[in-house]
Each structure stands twice: as C-alpha cells, then as structure tokens.
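Asks: Using this note's numbering, the first residue of the sequence shown is number 16, and each one after it goes up by one.
Treat the hints as calculated values from the structure; they're not laboratory data.
Cβ coordinates follow ideal geometry from the N, Cα and C atoms, glycine included.
Any given hint might turn out to be false.
[Claimed, not checked] Cross-link-like lysine-lysine pairs, in silico, DSBU-like; alpha carbons within 30 Å at most: (1) K45 - K58; (2) K357 - K182; (3) K84 - K33; (4) K45 - K256; (5) K349 - K359; (6) K65 - K86; (7) K161 - K90; (8) K349 - K90; (9) K171 - K136; (10) K182 - K141; (11) K359 - K182; (12) K65 - K33; (13) K83 - K28; (14) K141 - K86.
[Said to hold, decoys possible] Per label pair, the in silico range of CB-to-CB distance: (15) E57 - N223: 28 to 36 Å; (16) G324 - E239: 21 to 29 Å; (17) K45 - E163: 55 to 63 Å.
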Amino acid sequence: MMHIAIICKTFLKGGAEKQALILTKLLVDKGIDVILINWYGEKVDQRNLKFISDNSIRYYPMSGSYLKKLKKFQKIIQVDEISIIISYLTLANFVSGVSKILNRNIITIGGIRNERLPFYKFLFEKLIHNYLNDATVFNNYSAKEKFERRGFNPNKIFVIQNAIELKNPQSVSKISNGEIKIITVGRFVRQKDYETALKSFGNLVERNREAKFRYYIVGYGPLENEVRSIAEHLKIDDKIKVFINPPDVPSILKSSDIFLSTSLFEGVSNSIMEALVAGLPVVATDVGDNSYLVKNGKNGFLVPCRDIGTIVEKLEYLSGSADIRNEFGKNSIKVVEAEFSKKKLLDSYLSLFSKLQ
16 MMHIAIICKT
26 FLKGGAEKQA
36 LILTKLLVDK
46 GIDVILINWY
56 GEKVDQRNLK
66 FISDNSIRYY
76 PMSGSYLKKL
86 KKFQKIIQVD
96 EISIIISYLT
106 LANFVSGVSK
116 ILNRNIITIG
126 GIRNERLPFY
136 KFLFEKLIHN
146 YLNDATVFNN
156 YSAKEKFERR
166 GFNPNKIFVI
176 QNAIELKNPQ
186 SVSKISNGEI
196 KIITVGRFVR
206 QKDYETALKS
216 FGNLVERNRE
226 AKFRYYIVGY
236 GPLENEVRSI
246 AEHLKIDDKI
256 KVFINPPDVP
266 SILKSSDIFL
276 STSLFEGVSN
286 SIMEALVAGL
296 PVVATDVGDN
306 SYLVKNGKNG
316 FLVPCRDIGT
326 IVEKLEYLSG
336 SADIRNEFGK
346 NSIKVVEAEF
356 SKKKLLDSYL
366 SLFSKLQ
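Assemble the whole structure, with the sequences as input and the hints as a guide.
Replies: Written out as structure tokens, the structure reads:
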C-alpha cells in the first residue's frame, strides 16, 4: 500500500494549496494513506482547515526552527512508512529533496506552478529538480517548454494540469437587467496587472456612455490601496465594487456576465477555471496555459498583455449580446468537463506513481 506525504509551505488561501487539498481528498477517497504537512503550521486559512477536518485528513502543522521541523518530518516519514512525497513550490520542493537524500528509497515529486520565477528562485528550483527530486510536476505546458530550454532535465518533467469540480451543471442562460457586470478574481499583486484591467474598463465606459457597466474586483493583497487609487484617479470608482477575500466567490461569479484576466504571466489559472465553471465568457491575456482554458472565439478571447484597445474591443463584443455570452458560457462548461476533471487529475498522478516505482 502506498503511503504518501503532501507538503506545502502554508495552507493559506492560494492556487497551489487548493490543488494540494483536491489531490489529497482524491487519493484518500481511493483508499490511499495520505498525510498533509504544513511547514509553517500557524499559517492556515480557516476554510482550508475546515476542509481538512471535514474530510478526516491526517494533518501535521509543523512548528519550531527549520532544523527541528526537518527532524520531525524525518521521524514522520519513518513512523508512517512514507513511500512518496509530493511537494508544492520552492521551499516544500527543497524539503522534499533533502528528505530524498536522507531516505534514498522514497520517491520525491516536486511541484512548479508558474511559467516565470525570480532568477534566484529559478536557479534553486533547477538544482532541486536536476539533482534532488525524482520528478517535478508542472501544472502548465508553457513553463515546461521554457524551463527545459533553460536547462531543466526534460526526462524528469511531467505536466499535470489543475482540476476543478463541476457540481450539477445547469443552464447558464442569463437574462440581462440592463447592467453588464464584468468581474476579475485575483490577488492584488503586480502579476495580475490591475492597472491594465482598470484602464480597459474605464475606456469601455467612456466609449459606451449609454450602456450600464459594473466592475467587480475580488481579491486581497499588498496592492489593494493602489487598485483603489487607480480607480479613483480614472473616476470610475463609483462603478466598481471591491470584495476582499469573500467567503462565497462562486456566487459572485454566477451573478456576473464576463470574466476579465489581465495577468502578465500564469501557470494554469484557478480563477479562470472557476469562471468557466460559473459559465462565463472570458477575456484573458495569452499567457501561461490560458490557451488551454480559453478557446478563442468559442468561450472567450485571448489578447496580448497590456493591449487595452483589444481588451476593450472584446469586452464590447461580449457586452453587446446576451445570446453570445450565453453560448460562450455553455462552451466554458464543456471545456471544464473535457479537460480539467478531478478524475483526469487522479489518473495522471496514479500513472506517474507507477512510472516512478
């Protein structure tokens, strides 16, 4: 029987943490023994903690110095007879690699979730991938191709894209009340390029003064004040509603009409996936694996980064017809059903385990 440890730096709200929890539950439901390791044990989102508790997942929040935590983790590996370690992001990947040195018989699988990393972090990940861990799972093809060109061992890279649950898909047909609601979900960080999003919305409003628009921004992070300041400067703050880390993002998505993503780089965007589940058409920058999520002209449009003119053009097109939005929304759900199911995620990991054993 396999005994698996899944390790994350934290279990705060985030894409990697979300996917780690999804995979854990899938493996547990399959009858596989899995434990969760939270390296910074005090850093955990209460909703994630509730998920762990509700699903009776064995959970180890670590505390103390790095050395103390490493020693404790090695003891857990021995006591629980861990045979496979799956890690998410740089610190966890390093801990996994060190554990491989100390326990040569275990299989260690690192995880990279973005197509762009700071230079120092890239070099560290390259060292961990090439010389420590047995394999690295990339959640996007874009990063795989770029990292291979820059010296990552291609034979140890495996791409397994994110999964999302599609609960009881229903008709996504929406009747417009005259106001078009555009929504963006994402952390308030440079990567998400909220400046371009806000300027695009401002131009859309300016060019279509007879139409009614509302812009929902859902997120949290260090640039919150800057986002609000840009909106005020553009004099569109009266048409914007900011939600800070709300408990029910799916409901806000379902009440919206169009999803907008202006990220400068991505892996596989969890936010876009959630928009697809909500049956929304999407306008997104052509970065990372967005082309796997957004089929140009079918369920949305891909646009160049910082191209405000093209973004406004696509938003105008979708705003102009409820029928087109509904058609694109139905196609969004089809993309999720075909490409990003939980079954596909589980089967991909089980196949990887077999290859590495």
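Asks: All hints are to be evaluated individually against the structure, with a verdict given for each.
Replies: Okay, the hints, checked on the actual structure:
Only pairs whose Cα atoms come within 30 Å are accepted, and K45 paired with K58 is accepted, the gap being roughly 28 Å. Between K357 and K182 the CA atoms are separated by roughly 12 Å; this keeps the pair inside 30 Å, and the hint holds. With a CA separation close to 23 Å, the supplied pair K84 and K33 stays within the 30 Å bound. With a C-alpha separation of about 42 Å, the suggested pair K45 and K256 falls outside the 30 Å cut-off, and the hint is violated.
Of the pairs offered as hints, the one joining K349 and K359 holds, with about 15 Å between alpha carbons and a cut-off of 30 Å not exceeded. Annotation: proposed proximity of K65 to K86 holds, straight-line Cα distance about 27 Å (limit 30 Å). Of the supplied pair hints, the one linking K161 and K90 is violated, its CA atoms being roughly 37 Å apart against a limit of 30 Å. Note on K349 and K90: the hinted pairing is violated, with a Cα-Cα distance of about 46 Å set against a maximum of 30 Å.
A distance of roughly 19 Å separates the Cα atoms of K171 and K136; the hinted pair therefore holds under the 30 Å criterion. A threshold of 30 Å between alpha carbons decides the hint, and for K182 with K141 the separation of about 38 Å lies outside it, so the pair is violated. Distance check on the hinted pair: K359 and K182 sit about 16 Å apart at the alpha-carbon level, within 30 Å; holds. The suggested pairing of K65 with K33 holds, with an alpha-carbon distance near 13 Å, which does not exceed 30 Å.
Taking the CA atoms of K83 and K28, the gap is about 26 Å. The hint holds against a cut of 30 Å. Restraint check for K141 and K86: satisfied, since their Cα atoms lie roughly 25 Å apart, inside the 30 Å limit. Judged by the Cβ atoms, the range 28 to 36 Å given for E57 and N223 is violated: they are separated by roughly 48 Å. Look at G324 against E239: about 27 Å separates their beta carbons, and that is inside 21 to 29 Å.
A C-beta distance of roughly 31 Å is found between K45 and E163, which places it outside the suggested range of 55 to 63 Å.
Figure legend: structure checked against the earlier numbered hints; hints not met, in rising order: 4, 7, 8, 10, 15 and 17.
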